[in-house]
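Chains A, B and C supply the protein sequences, listed in that same order.
For the first sequence, counting from 1, position 321 maps to 321 in the numbering used here; every step adds exactly one.
Take any residue in the second sequence, note its place counting from 1, add 1000, and you have its number in the numbering used here.
Take any residue in the third sequence, note its place counting from 1, add 2000, and you have its number in the numbering used here.
Treat the hints with care, since some could be wrong.
[To be verified] Some chain A residues close to chain C (C-beta under 7 Å, calculated; not the full set):
1) R19
2) I21
3) A189
4) Q203
5) R208
6) Y209
7) S210
8) S213
9) T239
[As the list claims (entries may be wrong)] Label pairs and their calculated CB-CB ranges:
10) C:N2368 with A:G20: 24 to 32 Å
11) A:L310 with B:R1274: 35 to 43 Å
12) C:A2392 with B:R1274: 40 to 48 Å
13) C:D2391 with B:R1274: 55 to 63 Å
14) C:A2392 with B:L1185: 44 to 52 Å
[What the hints assert, rightly or not] Here chain B is said to cover these stretches of chain A; the calculated rule only asks that three of the stretch's residues, wherever they fall, bring their Cβ under 8 Å from a Cβ of chain B:
15) 76-87
16) 107-119
17) 248-261
18) 288-300
19) 308-317
Think of the hints as simulated: they come from the structure by calculation, not from any bench.
Even glycine gets a Cβ: it sits at the ideal position worked out from N, Cα and C.
Letter by letter, the chains look like this.
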Amino acid sequence: MTTLAAKPVSPLFLSRLLRGILPLLIVLIVGFFAVAAPGFLSLGNLSSLLLNNFVLLALVAIGMTWAVAAGGIDLSVGTAVDFAALAFVVLLNGGHGLAIAVPGALLAGALVGGFNAGLIAGLGITPFLATLGTLFIGTSVQQLLSEGGQPIYIAQSVLPGLTAVSWLGLPLPLWLVLGVALAYGVILALGRLGREILAVGTQVQLARYSGLSIRSISLKVFVASALACAVAGIVLSSTVNAYVPMSGNGFLINAIGAVFMGTTLSRSGRANIPGTLLGVLFINVIANGLLLIGWNFYWQQVATGALILLVLAFSFASRRLQTL
Amino acid sequence: MPASEILAQPLFRRLGLLLLRRGSLLGFVAILAVFAVSAPNFLSPGNIANVFAQSAILGILAFGLTCVVIGGGSNVVSGGLDLSLAANLGLCAAVYSSLNNAGLQGWESIGLTLLCGLAVGALNGITVVVLRLPPLLATLASMNLIAGLELVLTHNSVLPTDSALLDILANGEWLQVPVLAWVLLVVALLLGLLIQHSPYGLRLYAVGEYPEAARAAGLGVGRYVFSSYLIAGLCAATAAFCSSAYFSGSTTGSGELLLSVVAIAFLGGVFSRRLVANIPGTLLATLLLGFLINGFQLLNIASFWVNGVQGVLILLVVAMSSALRKEEGGL
Amino acid sequence: MTVPALHLQGIAKRFGPTQALDGVDLRVERGSIHGLVGENGAGKSTLIKVLAGIYRADSGTLTVDGQSFADLNPHQVEALGVHFIHQERLLPPGFTVGEALFFGHELRRGPFIRRRAQDREAARLLREYFDLEFPPGALVRELDSAQRQVLQITRALLARPKILVFDEPSVSLVKREVDQLLAIIRRLRDQGLTIVYISHYLQEIESLCDQVTVLRNGRAVAVVDPRTTSIAHIARLMVNREVGEMYTKPVVTPGEVVLELKGLGAGLAYRDINLSLRRGQVLGLTGLVGSGAKELLRSLFGLLQPEAGSVHLQGRITRLTSSRDAVRKGIALVPEERCSHGVAPQLSVLENLTLAGLSRFSRWGLLNAAAEARESDQLIAELGIKTAGRDAAVQQLSGGNQQKVALGKWLGRDCKVYLLDEPSVGIDIGAKVEIYRLIGRLAQQGAAVLVLSSDLPELIGITDRIVVMHRGTVAGEFDARQVDSDHLLACATGAREIPDPSLESEREPDYASV
């Protein structure tokens, strides 16, 4: 291991290039599909893209962002989505109306988050394994309650119709994403809790020795993560008008990918909300675009996977060059 | 920790430590005993052989993951991990079925399938060692990619196939024990000898536990980590043969195996004195899960409980291990 | 003139704007023990890394046993018979003694490792070389630091080296273990090995080495024989100024008692501790590894729960249940492990400085960036932190400036008690002086300061009183103006007869470390 003799590319330039890669790629890809795919830029397509794909993944990824920023990860995001969806549907079918069903769903999600926090902060289990355990247990519980995966449909008389609601031309679910993103983003970037999360995520011993309560921060992070997923659960079940067991797990991988791709936006590689949203957009745009230009649905996943890998590789490689 | 320190700990912790160290094996036996008493035919040789056979797929995958975990260190976030194993299995199975159905010679399809598994392993090795992505992310991304390739081949449906190899694996017997069980045991033996008793294995442990020490000793850390991913890829291919035999072709949903494989690899550590991942421990953990599922089946308990039990087991084991390790850590 | 075992000539190495080595000569005679001393930043570790082949020198030659080389890689260096005993033990914690000894060169039969043979051979070697026995089947993590070092040395000896380089080997050892180590090294020399010994502890250098090379600012300024050169002289050569000038202690009248410990005990770590700390006072705490001093400090920060006795903060009985609790009650800690516990290297100066007092800057959950900026700038100016800006990452700062950040984050909180754990370790001399001044100012402003340090002259120079611990109890309490290092050391090692310092005449202070 000898020291490098050559002088590397100017770090400032590299840093700017790195931070610009994700937005740049999105612009390029959007441009590409706008040209190559008929109907890509049509209102119908874009709104369907945003509404159906973007919203749910974005909410889950926002929750995941906080967990990653705090130095951990949350594998049980799908569980929170599903539990919230389950509570929502059951409460609606029980005739309790939205005023009870929505808080009930949020509470169900919060419980999942609290369970995680209990394992992580209370028992000191590492987040990967703790949330893995929650995922297992959550799957089991759902299988038992739904008798092996039978969906529970919302009765016709109590359809929530949330997805049809519009305000200022934008559908309600999109407003929810904006609201949640704004709240979580502002707190993470400018809030006291955000600073504490940053400290715990980068140097946990130092945080402990500075008088921060790791337990309380963990609790807030994992409950908040689960709450964001609970909102996704409400939107999901409103969209398909049913609770489909274990459907939340599908978001996990893309959420993780989006969060880590989003770290390229930050100068120091920290997880951040705007980056996460761009990451989600990236994934959705590619999937949608490929679909429109007639690519086999299955090749989409390959392409998405390859592109995520490339972005991650670029991000880590450049960051390493930067610190030399 | 040395005995003197153990004795200085409060009673509860001492019990916990003792339980974890010696108790895991006892726990295993206890569970078997419970099933033996309550479930009909549990201890019959046919049933036991069946469990071994059914555990082959999970077990071989878990061996692969064990090697990666050993070489990368057991810190879950930055340490060795291969999340693409299950997807690799799916891809290899799909490749084998496709090649076989396309009329290739027996050895050709087998060889190319093994190559496929190795190629995925090499991809992981490159992203982790050369590009230096954290294994969690690297293998997550490759899992995505590989699962996509599998879908391209299978169009999300089953690809039935048949061959001499699959015939032997599925229906063959030797000494009244199914061939699949033998495969599990042979792979366990081979890898066990490699990892636990050869210099390669010892050095792999060194690389995972303390890379600086390995480097100072002149070991090429990158090469060992890369090789562990190759082994994992080979295991995935081997498990793919077993899976194809079991399902008479390639099947969907192999991704669901992933979490169980991860659980088993980490649970396996509890059966070793040093609480590190190891091949024999992984074998025991695989069988434990296998007997659990089998016992539930025989007792007519819904299989839905299995996931929950897995989850609780992981949490129990990990909680006690981290209490033991007494590592100052945050999230 | 016999051919030297090792001869580095004119070694130069530049890192960017810094000339780390400026034409260094190091000549080690065969079969001798050659010491290498110098402050942090003098170039010791750079020189060793050049020798080890990790760095390539810009110019100069390396001669081993008469053969000259322009540059070498680590493999070649090892092949030439030069082996290094690093500060890190470099032994995998989960390995057994036998495995740790032989990994990389395992004893095999065919493709398999002969574990039992390795264990037997390991036991034999340990007995033969060092007359030591480890518990059978012990894992590396179950051994203490000195035992691991013995294992490290044995492992190096397996390769039959000609030259052994010890890099700060006594850092985590207690006195008894240090004596053992020195005996081992002498035995190795008697068996024909050539030894290079790098250390901060001049007493060891004096008792062990035949010759000593002194590095200062990247140059070898002198080669002396420690048997004829006093330690004070060597120390002066290292820093080029009277060492005594560095310690300052303002005179402060102590106020009321802020912290009082009555009969405090925590299992085997320490027992029956009675201590009181007043406002404006700087109390020194010292003891060998295992004396309980470290554990006592941890208890005062809520990290280790005592089981007996009581802690009184400003007259009221308190239980410090966690570090968070201690901080809330006005206790501050500047920990020993600066990079992991004292600062967050990847975060900015501002983020570090404000971390312990976020509640002051937050309203409705949001942080007031302007107020944070103001306070950080103020602290940077007040403490003289040399940084590119308040947003610069702390890892870009030098050790001394990082320590100022670690201390600075408590300053806005008006803490009553400051606990400083080895505050000047790894810091260059200029920054040390500034830290000492800061400590003095803290006392002047009415805080109570407790300094835990193994640097006895430092304690004498900057504290009012010094408490020495030995094997878990307070072995002695001294007035800093009336004691010298010898007495403190004697007390710390449990010497039965501690001469009364007030009866001693003026003696030249004995600098155990610089």
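Sort out which numbered hints this structure fails and list those numbers smallest first. 1, 2, 3, 9, 13, 14, 15 and 16
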